[in-house]
Amino acid sequence: MSTAKQRFTLAAAAATFASLALAATSLTATAQPRTDLVVGMALEPPHLDPTAGAAGAIKEVTYANLFEPLLRVDADGKLIPGLAERWTVSDDGLTYRFTLRPNAKFHDGTAADSADVKFTLDRARAADSVNAQKAYFAPISKIETPDPQTVVVTLSRPDGLFLFHMASGDAAIVAPESAATNKQKPVGTGPFRFDRWVAGDRVVLDRNPDYDGVKPKLDRVTFRFISDPAAQVAALKAGDIDAFTLFSTYEALPEFRNDPKFTVTVGSTEGETILSTNNARKPFDDVRVRRAMAHAIDRKTLIDGVLYGNGVAIGSHFPPHREGYVDLTGLYPYDPAKAKALLAEAGYPNGFDTTLRLPPPPYARRGGELVAAMLAEVGIRAKIEPVEWAAWLEKTFKGKDYDLTMIAHTEPLDIDIYARPDYYFNYKSERFNALNDELNRTQDPAKRNALYGEEQKVLAEDAVNGFLFMLPSVTVQKAGLTGMWVNRPIQANDVTGVSWK
Amino acid sequence: MRRRLPLSLHLGAALTLLLVAMALLSLLWTPYPAEQVRVIARLKPPSAAHWLGTDHFGRDVLSMIMVGARNSLAVGAAAVGLGLLGGVPLGLLAAALGRWGDEVVARLGDLVFAFPAVLTAILLTAVLGAGAVNVVLALALFNAAVLARVTRGAALAVWRRPFVGAALALGRGPLSATLVHVLPNIAGIVVVQATVLFAVAIVNEAALSYLGLGIQPPSPSWGRMLGDAQTYLFTAPLQAVFPGVAIALSVMGLTMLGDGLRDWLDPRHRSSGVM
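One line per chain: the protein sequences are G and P, in this order.
Counting along the first sequence from 1, when you hit position 386 you're at 386 in full-length UniProt numbering, and nothing is skipped either side.
Counting along the second sequence from 1, when you hit position 115 you're at 115 in full-length UniProt numbering, and nothing is skipped either side.
If you're looking for bench data, these hints aren't it; they were derived computationally from the structure.
You may find that some hints are simply not true.
[As the list claims (entries may be wrong)] If you want the ones that stay clear, here's a sample from chain P, every Cβ over 10 Å from chain G, calculated:
hint : residue
1    : 39
2    : 97
3    : 119
4    : 137
[What the hints assert, rightly or not] Pairs of lysine-lysine residues, derived as DSS-like cross-links and limited to a Cα-Cα distance of at most 27 Å, are as follows:
hint : chain 1 : residue 1 : chain 2 : residue 2
5    : G       : 400       : G       : 428
6    : G       : 134       : P       : 44
7    : P       : 44        : G       : 300
8    : G       : 185       : G       : 134
9    : G       : 261       : G       : 501
10   : G       : 282       : G       : 134
Where is the CB? At the ideal position from N, CA and C, for every residue including glycine.
When you get a sec, could you build the whole thing from the sequences and use the hints?
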């Protein structure tokens, strides 16, 4: 009996000691900041090659983390060195000279030199290129590589946005050895390298030990894909996700704001959300009809109803946070009576029937429903037609066979799309095209901003599309995480500067 | 002697009548226009002004449920009606023709059954575009196949009975025999089946609208109300309750009505009763 008791006491003491020791180790463990990160995203990328697809999710995983373009866009939208450590532009704006980082290497160990840059740019502008932004590379006429560290690019015409475009994910530098397999097994030059991809669930990156630039604080980044809004909220609450970017379940934000365990940031994106209008099709070819629609839409109610107030109204195709912005939101105040009068003047006293095609994102599906209700009040009976992305791209974007649709244009500084002759708005304006030509010839920032202002005014006066609001960049993250981007000047989840307190 | 009606028939008929009454009432009156948006009054819990609260655009949930009932019934009635028009004659024809005619109808039925109704509907809406009409067509196709099979089976059993043989021997043609002798004897089975299919059609319509393929906004649909409510499960859980209850009660009512009718009309039951 007594021995058994003694043994028991001994065991208890040992257990106490062990648990104390454990507690001590776990204390030291918590004192050490975490070095891993789990980022939540709504959409899974279809593949991981940013130079071969338009899906934003590809860039949201790879940009700056895995792949590097020649230049990069930082959290504030400024151009900073990427694979090129410095660059110069000739006075006529036609010759660009990039100097690459001397010790840059791809993740497979091969050197990243001027030949890789030439290969990348030639591949992107080739006739059979599958790059989603081929137009970015169209001005290039010649690429020379005088030495392994220097690339000289000559343009056939000035392009004020060339450097900006060379900083996009579409211009990520890839190697000839791995270009063909980047979709499944991406090989870049960035501070993180590809570890694995569990289809339907996550992509895991780990730190690139041979990175020649500033080393990131994190050693492991997991991107998890959760499309269901309720599951997104649940995963955040359960602590499975450290930061959810481009969070669009806006109605759940008050809860996270009131919870000290979380931080909510609301920033800007480049996503001008518009009611795209087929300017070539009756009755939308009449500017009075387009202006009537502008008067019929109450942007404040729309922003309240769709974004729960987390968004800014726009009056033209330009984001308020950029230089050169002109506030035109007051041009067509919400005024259903005025809208009806304009419709009557255009010959539609009883309104008309039309179709509003909506792609899948919630801002479009929900927003479209509200816009249709507002248009109905002035007599424009819009039949709602929900479509999947593939069908939307095929019929609406490429086929230009539509009346109205609702979409966020997320490419940065994309006002030039209104000058493209075969863009899906079917908008043709000599005035706008002249301004855009001048903009392309102009390097001086102040003059450029003035021209941007003129362009915005032309678009607003013509009421080309219904200009609605800027899509917000909402991030819900655990308190203690620092360095996540607040704004989204480019499609990216750049985590190279992220760390735990 | 009067037979007692089954309890399920009472309950089912009551629930179905409630559904129909709500749908008919919505033609004349709803508390608010079902499509009226008022963002400022969104996601309100039930109150005296809004008995079942408001949805994420501030629309009155009760009004939406009422108009939704009408939409559900319309889709169900059209899907079952077209199914009856297509399926019953086909089934009768198969039974009357026998042999290869029978074979053709049976194989066509198998073809339809190879795909679940919802999948067929998704396929059809993907090709022809989303909307109530295409949903009705898809569900009607499925219903026609089911009804053809049920009709054929029941009709074959009647054809083997002596009085049909006697009628034929007396010079009645197959068409006349089908109309005079076969159809009245299988009517009960077909009605029961149609009632059950009605319930299935309501569920399927809700499922398709939930996926965004069925009835299109602004017209309310129970399925889409459920779909919209999904994102509010944490913030406003009541949003999902009312359309969910509406679907459940309607389907329960129609299924019980079908069960009750079956018990009541069952020929075995009948032979032990008055006949």
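The hints, checked one at a time:
At roughly 4 Å, the least C-beta separation between residue 39 of chain P and chain G is not larger than 10 Å, which violates its mark as non-interface. At roughly 43 Å, the least C-beta separation between residue 97 of chain P and chain G is larger than 10 Å, which holds for a residue marked as non-interface. Every CB of chain G lies more than 10 Å from the CB of residue 119 of chain P, the least distance being 16 Å, so the non-interface label holds. Residue placement check: residue 137 of chain P keeps its beta carbon more than 10 Å from all beta carbons of chain G (closest about 17 Å).
Straight-line distance between C-alpha atoms of residue 400 of chain G and residue 428 of chain G comes to about 14 Å, which keeps the hinted pair within the 27 Å bound. The straight-line distance between the Cα atoms of residue 134 of chain G and residue 44 of chain P is roughly 49 Å, outside the 27 Å bound, and the hint therefore fails. For a cut-off of 27 Å, the pair hint linking residue 44 of chain P to residue 300 of chain G stands: about 20 Å separates their Cα positions. Under the criterion of a C-alpha separation no larger than 27 Å, the hint pairing residue 185 of chain G with residue 134 of chain G is consistent with the structure, at around 23 Å.
Distance hint between residue 261 of chain G and residue 501 of chain G is fulfilled; the C-alpha atoms sit about 13 Å from each other, no more than 27 Å. At roughly 32 Å between alpha-carbon atoms, residue 282 of chain G and residue 134 of chain G are farther apart than 27 Å, so this suggested pair is violated.
Comparing the model with each numbered hint stated earlier shows that hints 1, 6, 10 do not hold.
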